[in-house]
Amino acid sequence: MSTAIKETQKMIEEVLDAYPEKAKKDRAKHLAANDPTGQCSTCQVKSNIKSRPGVMTVRGCAYAGAKGVVWGPVKDQITISHGPVGCGQYSWWSRRNYYNGQTGIDTFGTMHITTDFQEKDIVYGGDKNLDAALHELKGLFPLAKSMGILSECPVGLIGDDIEAVSKKAEKEFSMPIVPVRCEGFRGVSQSLGHHIANDTIRDHILGKGQLDKSTPYDVALIGDYNIGGDAWASRKMLEELGLRVIAQWTGDASINEMGIAHKAKVNLVHCYRSMNYICRHMEEQYGIPWTEFNFFGPTKIYQSLRKIASYFDDSIKEKAEKMIEKYKPAMDAVIEEFKPGLEGKRVMLYVGGLRPRHTIGAYEDLGMEVVASGYEFGHSDDYKRTYPEMKEGAVIMDDATLYELEEFTRRLSPDMVGSGIKEKYSYHKLGVPFRQMHSWDYSGPYHGFDGFPVFARDMDMTVNSPTWGLIRRK
Amino acid sequence: MKIKDHNELFQEQEYLDQFERKKEFENCPSAEEVQRIAEWTKTEEYRELNFKRQNIKINPAKACQPLGAVFCASGFEGTLPFVQGAQGCVAYFRSHLSRHFKEPMTAVSTSMTEDAAVFGGLNNMLEGLENAHTLYHPKMLAVCTTCMAEVIGDDLNAYIRTAREKGVIPQDLPVPFAHTPSFVGSNITGYDNMMKGILTAVTAGRKGEPNGKINIVPGFDTYTGNYRELKRLLDIMEVKHTILADVSDIYDSPNSGKYKLYPGGTPLEDAADSINALATIALQKYSTSKTMDYIAKEWGQSAVTLPPIGIKNTDRFFEEISKITGKPVPQEIENERGRAVDAMIDSHPYVHGKRFALVGDPDLLLGLISFLMEMGGIPVHIVCTNGDKKFLEDAEAILSESPFGREGKVYTGKDMWHLRSLMFTDPVDFLIGNSYAKLLWRDTGTPLIRIGFPLFDRHHLHRYPIIGYQGALNLVSLIVNTVLDEMDRKTMNTTSFDVIR
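Read top to bottom, the protein sequences are chains A and B. Residue numbering for the first sequence follows my numbering, starting at 4 and increasing by one per position. Residue numbering for the second sequence follows my numbering, starting at 6 and increasing by one per position.
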């Protein structure tokens, strides 16, 4: 074991000392010093396991995964939060899944529609009202292409049969009515919600859309939620590469696009965590290959363009080289502009989905180093993909608690932390530069050639803001 | 280096072309069809259909019980809100409150999953209390429930007792609790339940000599500025007081390069002694009704509700304080009143006769209706998703006190999609509501004055008080300057574009 790994392990043990015995034993499995080779067995973290009660996990629930990530961004579906008012309220318009369309007329992405369960619904069940609700919605929103019923905790506990209600309405309305069993108590995090939601897309939508003609260059852009327009920035590049993006999942997605994705020649996956399920299905069912790519920062973008092009003929491969040649000067200029202020700065990341590993390259392009990284709801395959991206001895953390994040920050003294809204303001109080890396702090896009300059600008304004210097530390 | 972000990028021609190309795969309705339906949603016919619905809420203006409970709990010194239930809820409460205040929010969950659904949540509670107590060293753990724990019937009282018996937490650690199912009431109910739970727990056995203080229960009030204003005013009057619960330092703490888990709140000793106060005054009625009942009955205190929004309401507030304490209202406060009234008189031409739509929590709405009418404004559509029959009566009573209230119609249990119909079929000049009301602003073009909760898309508004005379002044500024901004926008290319107003 190397010194770097030993030192980090020692630090982790110190941090863990504050926990009661049982929690300490459990948390020890989720924290490790990185071994990029993946050889050191004690350096692998356990993941996708229940959070300890009472320790301020950052995680959400299955409903959050289904609503906030997978189904919520689908724009022409009416997504119903079925149950009490809270879940729909707090997830209302919170991720910035941009879309084109007239909200409330032909698109519904930024609306909050709920059956608003009352006590009598818990006692007598909510099925009857749900059926009536679907009819009311059909009358008020005739241009909706589908309805999704996302069940909240009580629905599963009282055993309402939302599948039966959906089946009946599906026949009556001649459009998909999708029951999604994503009650928050299921599973250990958002991740199960992604899986459940993907399964319902498979069962109710996939294969049912209309596409007049196919071309050899048809692809689906999978696992991009269009935060701040990310998917659009990526789509622009894929189109320039000569590909035809027939479906976008699920940022700015329409039901029809999701219904024709199985006609793609290749599925291009950005967020592997949330969308590997559906890609595997399309691979098994329709023989569609899928490949992961990473559009954060020029180094990864160049690699990804070449990788994507490798699935196509020489004309596309040539275009990839031409694109790299065309955009490299602009990307170099961005690096030249911002690297001097960011070189050598140390970053700590704690996010969900793909960002704990996908953004590392972009930071490195700017001369920054990621010294700690971790996932709220990653699985072991995410971590396997992360180890080689990071230096030996870097901290790898799974389902970190607020306490651990603060302690690691104290000991590692990063120059910048990237995490979510719940973490943001405690870092502001600590006086540690912070960027909200779930929704880009309302900026973006960060993906692609158009996104990297925004990313670089934002990291610079984070690390080098004069406001941090105003804090009078006691 | 000029860098374009989403604000500019997606207006560029290449992106506009991309959006056009994407339509090929979207199978979207024609522009004409969209336009036709859009126009239809503005009609009386649509409004009728919209108001017929019974089974679905569209853009409701309320949050759920436990959010109110954790908000209340966080206002006590060293208190960790502890939520028995599935973990996603706490993630949502924390992010929701953080987004509003731009401050950290501390709360833990017991992370209940399928096994708890089958066997009950006792084990989660026991381990959760031990972990939370060991790791975060709270002076008090305030327990409330989510839907899940309520549906499966977790018995908080028994669980907490068991935790003490097993030595998971110290015998003397206060652990008040409240049952807060999200399918009953709303954020204001949760606030009330938690407040009652905490006061019951901390004052037990503390009845003694009167302490000469006044208790103030602000209610579900998300303006940190209101708390500071209240303390300032009572200090000027030299009235000894206890604010139950004082969230001001929790959600508006100074930046000193240190992160404090518990940056303030009502001292527990003061909370315990609140049973010995001269009287308790609540500043909101609907978010404190059970608490105030409890105080009147169990503590035998004078318990009155006096919401100090607007001039007359604030007058009543000070008259009552004066009556209880025997202290006159000092000239300094009288001067503040004079300045607020002066401002209202100076600004009245721009508000007089203007028609308003309002949406929000019941207590806030009552205050705003009263204030608007004092300015000669006309409340027209008043939508209160979490208002009940009593609220309807109260609001109508206030409206009936002034000729400016004649047009006012109160809609309880309705949501912002109902309000959209109202605003199209019977347009108003201005809209008052929270950040989500900006959908209505976009759809109807009615300027939005942001008052209420949550305020996500404008910074620092909650730091400015809207209670007391200073608060009235702030309300005047918020409203009249929106009116003037709008006037400038509309006259930008006319002869009426003025510098002096």
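Since the hints were derived computationally from the structure, they do not count as laboratory data. All values reported here derive from a predicted model rather than from experimental measurement. Incorrect hints may have been included.
Below, in silico cross-link-like pairs of lysine-lysine (DSS-like), each with a Cα-Cα straight-line distance of 30 Å or less [as the list claims (entries may be wrong)]: (1) K28(B) / K325(A); (2) K212(B) / K268(A); (3) K320(A) / K144(B); (4) K53(A) / K171(B); (5) K57(B) / K174(A); (6) K331(A) / K265(B); (7) K342(A) / K9(B); (8) K32(A) / K265(B); (9) K57(B) / K171(A); (10) K295(B) / K432(A); (11) K9(B) / K320(A); (12) K25(A) / K144(B); (13) K331(A) / K216(A); (14) K348(A) / K9(B); (15) K329(A) / K7(B); (16) K302(B) / K432(A); (17) K236(B) / K171(B); (18) K123(A) / K236(B); (19) K171(B) / K245(B); (20) K28(A) / K171(B); (21) K218(B) / K32(A); (22) K57(B) / K141(A); (23) K28(B) / K211(A); (24) K265(B) / K27(A); (25) K141(A) / K47(B); (26) K236(B) / K432(A).
Each hint, compared with the structure:
A threshold of 30 Å between alpha carbons decides the hint, and for K28(B) with K325(A) the separation of about 28 Å falls inside it, so the pair holds. Among the hinted pairs, K212(B) with K268(A) is inconsistent with the structure: their alpha-carbon atoms are about 77 Å apart, more than 30 Å. Restraint check for K320(A) and K144(B): the C-alpha separation of about 64 Å exceeds 30 Å, so the hint is violated. A C-alpha spacing of about 24 Å is found between K53(A) and K171(B), which places the hinted pair at or below 30 Å, so the restraint holds.
Taken as a hint, the K57(B) and K174(A) pair is honoured in the structure, with Cα atoms around 24 Å apart against an allowance of 30 Å. A hinted pair counts as satisfied when its Cα atoms are at most 30 Å apart, and K331(A) with K265(B) does not qualify at roughly 46 Å. Restraint check: the Cα-Cα separation between K342(A) and K9(B) comes to about 19 Å, which is no more than 30 Å; the hinted pair holds. About 28 Å separates the Cα atoms of K32(A) and K265(B), which keeps this hinted pair within 30 Å; it holds.
Restraint check: the Cα-Cα separation between K57(B) and K171(A) comes to about 22 Å, which is no more than 30 Å; the hinted pair holds. About 36 Å separates the Cα atoms of K295(B) and K432(A), which puts this hinted pair outside 30 Å; it is violated. Restraint check for K9(B) and K320(A): satisfied, since their Cα atoms lie roughly 29 Å apart, inside the 30 Å limit. Under the criterion of a C-alpha separation no larger than 30 Å, the hint pairing K25(A) with K144(B) is consistent with the structure, at around 23 Å.
Taken as a hint, the K331(A) and K216(A) pair is broken in the structure, with Cα atoms around 35 Å apart against an allowance of 30 Å. Distance restraint check for K348(A) and K9(B): the Cα-Cα separation of roughly 25 Å lies within the 30 Å cut-off, and the hinted pair is therefore satisfied. For the proposed pair K329(A) and K7(B), the alpha carbon gap of about 19 Å is at most 30 Å, so the pair holds. For the hint pairing K302(B) with K432(A), the CA-to-CA distance comes to about 43 Å; that exceeds 30 Å, so the pair is violated.
At roughly 42 Å between alpha-carbon atoms, K236(B) and K171(B) are farther apart than 30 Å, so this suggested pair is violated. Restraint check: the Cα-Cα separation between K123(A) and K236(B) comes to about 42 Å, which exceeds 30 Å; the hinted pair is violated. Between K171(B) and K245(B), the direct Cα distance comes to roughly 41 Å. Violation of the 30 Å bound is thereby established for this hinted pair. At roughly 21 Å between alpha-carbon atoms, K28(A) and K171(B) fall within 30 Å of each other, so this suggested pair holds.
About 53 Å separates the Cα atoms of K218(B) and K32(A), which puts this hinted pair outside 30 Å; it is violated. Our distance criterion of 30 Å between C-alpha atoms is met by K57(B) and K141(A), whose separation comes to about 13 Å. The hinted pair formed by K28(B) and K211(A) meets the criterion: a straight-line CA distance of about 17 Å does not exceed 30 Å. Taken as a hint, the K265(B) and K27(A) pair is honoured in the structure, with Cα atoms around 23 Å apart against an allowance of 30 Å.
For the proposed pair K141(A) and K47(B), the alpha carbon gap of about 17 Å is at most 30 Å, so the pair holds. A distance of roughly 24 Å separates the Cα atoms of K236(B) and K432(A); the hinted pair therefore holds under the 30 Å criterion.
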